[in-house]
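Trainee: Residues per chain are reported as follows:
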Amino acid sequence: METTVVDEGLTKIDACHKAQETTIIGKRRPKIDAWPKAKGTTIYADDFTMPGMLHAKVLRSKYPAAMILAIDTGKAEALPGVHAVLTCKDVPNNNLRAKFGQSTDVGSNFEGLYRVLAESKVRFMGEAVALVAAESLKIAEEALDLIKVDYEPLPGVFDPIEALKPGAYRVGESESNVVSRFKVRKGDVEAGFAAADVIVENTYRVPFGDHAYLEPESGVAWVDEDEVINIRVSTQVIEHFRTVAEVVGLPQNRIRVIGTWLGGGFGGKEDITVESFLALLTLKTGRPVKLTYTREESLLAHGKRHPYIMKYKTGATRDGRLVALEAELISDAGAYTYLTPWILLYSTVNAAGPYNIPNVKVDTVSALTNNPFTSANRGFGAVQPNVAYESQIDELARVLGMGPLTIRQKNCLRQGDSLATNFKFDRYVAVAEAAEKAWQALGPVPESQDKNIRIGHGLAVGMMSYGRLTFLHDSSRCFIKLELDGSVVVRCGVQDLGGGQASTLCEIVSEELGIPLEKIKIYIADTALTPLAGTTTATRMLYMSGNATLKTARELKQRLLTKAEAMLGARAADLQIANECIVNPVDPEQQITLKEAIDACATDGIELFYEGQFNAPFTEVPTSEIISGPTFADFTFGCHAVEVAVDVDTGAVDVRKLIACFDVGKAINVLNVEGQLEGGAIYNMGYALTEDLIVEKGYLKTPSFSEYLIATSVDVPDVETIMIESGAGLGPYGAKGVGEPADNSIAPAILNAICDAVGVRITTMPATPERVFWAMQEQQQKSRQ
Amino acid sequence: MSSFAYAVPGTKDEALALLNELGSGARIVAGCTNVLPDIRAKKIAACTLVDISKLAELKGIDVRGDRVIIGSLTTINELLHSDLVASHGQVLWQVGRRFADPLTRNRATIGGNLANASPAGDGVVPLLALEAKVIVASLAAEREIPVAEFLTGPGRSALQPNELIVGVSFTKTTAMRSVFIKFGMRKSMAISLASIGLMVGLDGDRVEQVRIALGALAPTAIRARQTEDYLTGKPLAPEVVTRAQEIIRTEAKPISDVRASREYRVHLAGVLLKRALEAALA
Ligand SMILES: Cc1cc2nc3c(=O)[nH]c(=O)nc-3n(C[C@H](O)[C@H](O)[C@H](O)COP(=O)(O)OP(=O)(O)OC[C@H]3O[C@@H](n4cnc5c(N)ncnc54)[C@H](O)[C@@H]3O)c2cc1C
Numbered sequence: 001m002e003t004t005v006v007d008e009g010l011t012k013i014d015a016c017h018k019a020q021e022t023t024i025i026g027k028r029r030p031k032i033d034a035w036p037k038a039k040g041t042t043i044y045a046d047d048f049t050m051p052g053m054l055h056a057k058v059l060r061s062k063y064p065a066a067m068i069l070a071i072d073t074g075k076a077e078a079l080p081g082v083h084a085v086l087t088c089k090d091v092p093n094n095n096l097r098a099k100f101g102q103s104t105d106v107g108s109n110f111e112g113l114y115r116v117l118a119e120s121k122v123r124f125m126g127e128a129v130a131l132v133a134a135e136s137l138k139i140a141e142e143a144l145d146l147i148k149v150d151y152e153p154l155p156g157v158f159d160p161i162e163a164l165k166p167g168a169y170r171v172g173e174s175e176s177n178v179v180s181r182f183k184v185r186k187g188d189v190e191a192g193f194a195a196a197d198v199i200v201e202n203t204y205r206v207p208f209g210d211h212a213y214l215e216p217e218s219g220v221a222w223v224d225e226d227e228v229i230n231i232r233v234s235t236q237v238i239e240h241f242r243t244v245a246e247v248v249g250l251p252q253n254r255i256r257v258i259g260t261w262l263g264g265g266f267g268g269k270e271d272i273t274v275e276s277f278l279a280l281l282t283l284k285t286g287r288p289v290k291l292t293y294t295r296e297e298s299l300l301a302h303g304k305r306h307p308y309i310m311k312y313k314t315g316a317t318r319d320g321r322l323v324a325l326e327a328e329l330i331s332d333a334g335a336y337t338y339l340t341p342w343i344l345l346y347s348t349v350n351a352a353g354p355y356n357i358p359n360v361k362v363d364t365v366s367a368l369t370n371n372p373f374t375s376a377n378r379g380f381g382a383v384q385p386n387v388a389y390e391s392q393i394d395e396l397a398r399v400l401g402m403g404p405l406t407i408r409q410k411n412c413l414r415q416g417d418s419l420a421t422n423f424k425f426d427r428y429v430a431v432a433e434a435a436e437k438a439w440q441a442l443g444p445v446p447e448s449q450d451k452n453i454r455i456g457h458g459l460a461v462g463m464m465s466y467g468r469l470t471f472l473h474d475s476s477r478c479f480i481k482l483e484l485d486g487s488v489v490v491r492c493g494v495q496d497l498g499g500g501q502a503s504t505l506c507e508i509v510s511e512e513l514g515i516p517l518e519k520i521k522i523y524i525a526d527t528a529l530t531p532l533a534g535t536t537t538a539t540r541m542l543y544m545s546g547n548a549t550l551k552t553a554r555e556l557k558q559r560l561l562t563k564a565e566a567m568l569g570a571r572a573a574d575l576q577i578a579n580e581c582i583v584n585p586v587d588p589e590q591q592i593t594l595k596e597a598i599d600a601c602a603t604d605g606i607e608l609f610y611e612g613q614f615n616a617p618f619t620e621v622p623t624s625e626i627i628s629g630p631t632f633a634d635f636t637f638g639c640h641a642v643e644v645a646v647d648v649d650t651g652a653v654d655v656r657k658l659i660a661c662f663d664v665g666k667a668i669n670v671l672n673v674e675g676q677l678e679g680g681a682i683y684n685m686g687y688a689l690t691e692d693l694i695v696e697k698g699y700l701k702t703p704s705f706s707e708y709l710i711a712t713s714v715d716v717p718d719v720e721t722i723m724i725e726s727g728a729g730l731g732p733y734g735a736k737g738v739g740e741p742a743d744n745s746i747a748p749a750i751l752n753a754i755c756d757a758v759g760v761r762i763t764t765m766p767a768t769p770e771r772v773f774w775a776m777q778e779q780q781q782k783s784r785q
Numbered sequence: 001m002s003s004f005a006y007a008v009p010g011t012k013d014e015a016l017a018l019l020n021e022l023g024s025g026a027r028i029v030a031g032c033t034n035v036l037p038d039i040r041a042k043k044i045a046a047c048t049l050v051d052i053s054k055l056a057e058l059k060g061i062d063v064r065g066d067r068v069i070i071g072s073l074t075t076i077n078e079l080l081h082s083d084l085v086a087s088h089g090q091v092l093w094q095v096g097r098r099f100a101d102p103l104t105r106n107r108a109t110i111g112g113n114l115a116n117a118s119p120a121g122d123g124v125v126p127l128l129a130l131e132a133k134v135i136v137a138s139l140a141a142e143r144e145i146p147v148a149e150f151l152t153g154p155g156r157s158a159l160q161p162n163e164l165i166v167g168v169s170f171t172k173t174t175a176m177r178s179v180f181i182k183f184g185m186r187k188s189m190a191i192s193l194a195s196i197g198l199m200v201g202l203d204g205d206r207v208e209q210v211r212i213a214l215g216a217l218a219p220t221a222i223r224a225r226q227t228e229d230y231l232t233g234k235p236l237a238p239e240v241v242t243r244a245q246e247i248i249r250t251e252a253k254p255i256s257d258v259r260a261s262r263e264y265r266v267h268l269a270g271v272l273l274k275r276a277l278e279a280a281l282a
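Chains as they are written, first to last, in my numbering: chain A, 1 to 785; chain B, 1 to 282.
A portion of the hints provided could be inaccurate.
Said to hold, decoys possible - Calculated lysine-lysine pairs in the BS3-like style (CA-CA distance at most 25 Å, straight line): (1) K253/B <-> K701/A; (2) K187/B <-> K451/A; (3) K39/A <-> K27/A; (4) K148/A <-> K43/B; (5) K657/A <-> K451/A; (6) K138/A <-> K43/B; (7) K89/A <-> K62/A; (8) K437/A <-> K451/A; (9) K187/B <-> K274/B; (10) K37/A <-> K27/A; (11) K701/A <-> K42/B; (12) K274/B <-> K451/A; (13) K75/A <-> K138/A; (14) K62/A <-> K43/B; (15) K701/A <-> K43/B; (16) K148/A <-> K42/B; (17) K187/B <-> K701/A; (18) K697/A <-> K43/B; (19) K697/A <-> K42/B; (20) K187/B <-> K657/A; (21) K782/A <-> K311/A; (22) K75/A <-> K43/B; (23) K42/B <-> K138/A; (24) K187/B <-> K62/A; (25) K42/B <-> K75/A; (26) K701/A <-> K27/A.
Simulated from the structure, these hints should not be mistaken for lab results.
Taking the hints into account, I'd like the entire structure generated from these sequences.
Mentor: The structure is reproduced here in structure tokens:
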């Protein structure tokens, strides 16, 4: 596979930029959307209403596996106030080979069935069976009760290992239960283990995870005066408009998706949620329609983080050198494919971690089951193997009597090293530096003040790509226009999840054009009006749209400087643009206002707008199960170090100190990056300790937030963030992506700290008090024998 | 969502008349922190919601003679800020900070906690330890029911459809030390996996009298009578505490559910007892 290097120009400009002082970039400032959110004036998807708007509800399957024998909608349709009741037969294209928001053709291995409404065979509890639109929510809910569905329950299969066995229940109609398989092969593991002095073997189990965003799925759709279907929706991917067009059988230019400011996404709004339902209902009724999921519905109906079963065998020599790693990962894809193949590929590439290991054998497989479908969740397949490989290396350190920092420093990747997939890092690799800084910041283990409490320290490092898989041929666009009064309009199809996606672009424009943030107006997330910028997923927005924005701003800057050159009789290269002026710093006499330059450009017919595109490096679509060569553009490296207090009588774990250290490349906005690092750590602290979406035989046993437990403010310690700014990133100004990597490595750091405190290795997450307690009991029994 | 009628009686008698008329077609609503989630979860079907939250007669905390009387509409937050409760019903007062979160504490009432009769209800456990009586009124009469008799099963109580909880009362208890401990899956907003309300009168380290109430460890909140009997008259020596833990573990009859197993809850009963006794001694 060949990698093409793109935008040499950008790197060159970067080099000269480094010499200059920045005015906006690298500072601490509130995001442009911070005040409206603090004041409560931000309008979210569910806040919109329209005249004549109907309310929609979704009828969902009561069974995880069943045949639908008949659906009788007669009574529901007859209910006064009901305007539409739709089932699969009302959907023009109910079954799509979906590329899940991807515009390039990546072949059948990375596609899957997207089914709008259940058809003959129900695959999971909560699957959408019918849609209702009515005058009020209450009527819509009543109508749901009046729809009669005859089910014939089927046995189903609920365990991916069972699902992979020959003769297992088939989740789908014809396709096999195997979604994908990948492999990594490096060296000879047999020989590697033969040369090992110690070998650690464990099987790890990680649970389903919900995103638990504040804002559930929501949208309003209407048909406008030009017969375009407009869908205003909380989404990470406005480009699902293409899928919606296919579903309703209209040309793509007749569907307009307008993204709202999100109340959180975390990957849960990467797949289509309410869009197709809304389009079908507004087309059918001719009325605006709103659909907002309840919390319970959200827990039931959107994709979850994949549970994995991970068998790991890791060998090292007496002096702590890793010599072999063998891993078998099985992921539960749930009832439909969605992003499973991509996520499994991430896991495959990440399976051995950021370590130099001469012999590696990784086999991964994902299977369909009649469980809730699983898809993107912050960390996207990097997080699960991280739990395993960071637990393994800690166990090795324990057996070898070595410190957790030492063993990592001994084995971790450095610049010039390669992954087991043969991807070479020619840029700075911060694993060792991050681990050292975080571990030092944690300090010595304090003496416990309570006889029931044992204190422990834990360390875990991690790596995760930013930017999408390179074979997806990713690109992003941004349009900037200078107004005659010196203000700026930015248009970029970025979806803002609350991670500062829009704000960061404004900060880049402000920096480059010397125009204050107050004079910059950004329009985002509108498929009809903003240049498409791709998905806000894969930790790609700053990298991709940041670069597109930087490129665009610099083109306009060049035009202004060229004009100023003529006006001032100075060389453009000597001029600087700052504080709405163009000035020669050596000769401040040579100065004009930005407005004067803009006026002059306007007079001379020089275009004061530009739309730039940034392309990520492109590689070929993998055709073999064996993954080799570059699959990502670059990685972000980081580390978590934690102090826990474990109650020896109850097994309760309290995280008392939490340090997050990441190489962020360059912090565009320091406050915002700190926010991401803090949020990421807390996000998966819950994954480690309390969040467990329990599904028994396909039935959800944690249907609300009183069973699915996310941390409250009093459960959360202060997060100390340490930033390394290596400038080694591929993003603007050398930035790397941090959104997703930030939640990696916290879970194993906590597990390792528990082990340090009470000597038990928790291999099944979450580490609930009960699990920790029984593990301690078992340990005591063993040591008595 | 089912259809609900809504009635707001202006006086206690009006409320009782309504309950009398509607029978099981009525549903009393106080702070609504149980009722609303139950409606959402379709556990409560069409009925008339009788909103008693405006009834002044059910509010307030009083002392009459040696008894403390707490109106059923008293919120958890009001309990937490009551000096009377702090000094005469310490064990109940201690629940305040461990109950839900500040927002919910402002709405949740003690009457609602009793009527809800959850085995994990945090309000009922200290009331059991306080040997409180539930004051219940109907159009015809007012009666007092000891909490232990009031709670008849998970979600079930001795309350009749035509009755209203007016309040609870208990005897002032300044002489005994009180401890309430709740163990949940997080530090706030947690449903108790196990809880204990302990009141103990000590002479040095010798137990003169003791009352132990347990939450989430049986179909209702219960008194651990055998453990109490065993402890009475004994010094709180380590071996006594260990034996008491063994006894209380046989008294606990919890269930397994999605939050925790039966065995773990039984274990917790012993841990909470030990910690409560230690705290009382400290
Ligand atoms: C977020 C949240 C957190 C919670 N945390 C806790 C917790 O930590 N500990 C805990 O114990 N509980 C907790 N609960 C449950 C609930 O708050 C308590 O049970 C509360 O005391 C109920 O009081 P209420 O006034 O809101 O009752 P309502 O919801 O108004 O009523 C509850 C029941 O009692 C009946 N009722 C109410 N008042 C009377 C009366 N005067 N006479 C007769 N019947 C009556 C109602 O008909 C209904 O059946 C929590 C609830 C929520 C939503």
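Trainee: Now look at each hint and say whether the structure bears it out.
Mentor: We went through each hint and held it up to the structure:
About 22 Å separates the Cα atoms of K253/B and K701/A, which keeps this hinted pair within 25 Å; it holds. Among the hinted pairs, K187/B with K451/A is consistent with the structure: their alpha-carbon atoms are about 20 Å apart, no more than 25 Å. About 23 Å separates the Cα atoms of K39/A and K27/A, which keeps this hinted pair within 25 Å; it holds. Among the hinted pairs, K148/A with K43/B is consistent with the structure: their alpha-carbon atoms are about 21 Å apart, no more than 25 Å.
Among the hinted pairs, K657/A with K451/A is consistent with the structure: their alpha-carbon atoms are about 20 Å apart, no more than 25 Å. For the given pair, K138/A sits about 17 Å from K43/B by alpha-carbon distance, which is consistent with the 25 Å threshold. Only pairs whose Cα atoms come within 25 Å are accepted, and K89/A paired with K62/A is accepted, the gap being roughly 20 Å. A threshold of 25 Å between alpha carbons decides the hint, and for K437/A with K451/A the separation of about 31 Å lies outside it, so the pair is violated.
With a CA separation close to 20 Å, the supplied pair K187/B and K274/B stays within the 25 Å bound. Proximity of K37/A to K27/A is assessed by CA-CA distance (about 21 Å); at most 25 Å being required, the pair is judged to hold. Pair hint K701/A plus K42/B holds up; C-alpha atoms about 16 Å apart against a cutoff of 25 Å. For the hint linking K274/B to K451/A, the alpha-carbon distance of about 13 Å falls within 25 Å, and the restraint holds.
The suggested pairing of K75/A with K138/A holds, with an alpha-carbon distance near 16 Å, which does not exceed 25 Å. Taken as a hint, the K62/A and K43/B pair is honoured in the structure, with Cα atoms around 17 Å apart against an allowance of 25 Å. Restraint check for K701/A and K43/B: satisfied, since their Cα atoms lie roughly 16 Å apart, inside the 25 Å limit. Taking the CA atoms of K148/A and K42/B, the gap is near 18 Å; set against the 25 Å cutoff, the hint holds.
Taking the CA atoms of K187/B and K701/A, the gap is near 22 Å; set against the 25 Å cutoff, the hint holds. For a cut-off of 25 Å, the pair hint linking K697/A to K43/B stands: about 23 Å separates their Cα positions. Restraint check for K697/A and K42/B: the C-alpha separation of about 23 Å stays at or below 25 Å, so the hint holds. Taken as a hint, the K187/B and K657/A pair is honoured in the structure, with Cα atoms around 16 Å apart against an allowance of 25 Å.
Of the supplied pair hints, the one linking K782/A and K311/A holds, its CA atoms being roughly 23 Å apart against a limit of 25 Å. In summary, the hint linking K75/A to K43/B is supported, as the alpha carbons are separated by about 24 Å, within the 25 Å threshold. Under the criterion of a C-alpha separation no larger than 25 Å, the hint pairing K42/B with K138/A is consistent with the structure, at around 13 Å. Between K187/B and K62/A the CA atoms are separated by roughly 34 Å; this puts the pair beyond 25 Å, and the hint is violated.
Distance hint between K42/B and K75/A is fulfilled; the C-alpha atoms sit about 21 Å from each other, no more than 25 Å. Straight-line distance between C-alpha atoms of K701/A and K27/A comes to about 46 Å, which puts the hinted pair past the 25 Å bound.
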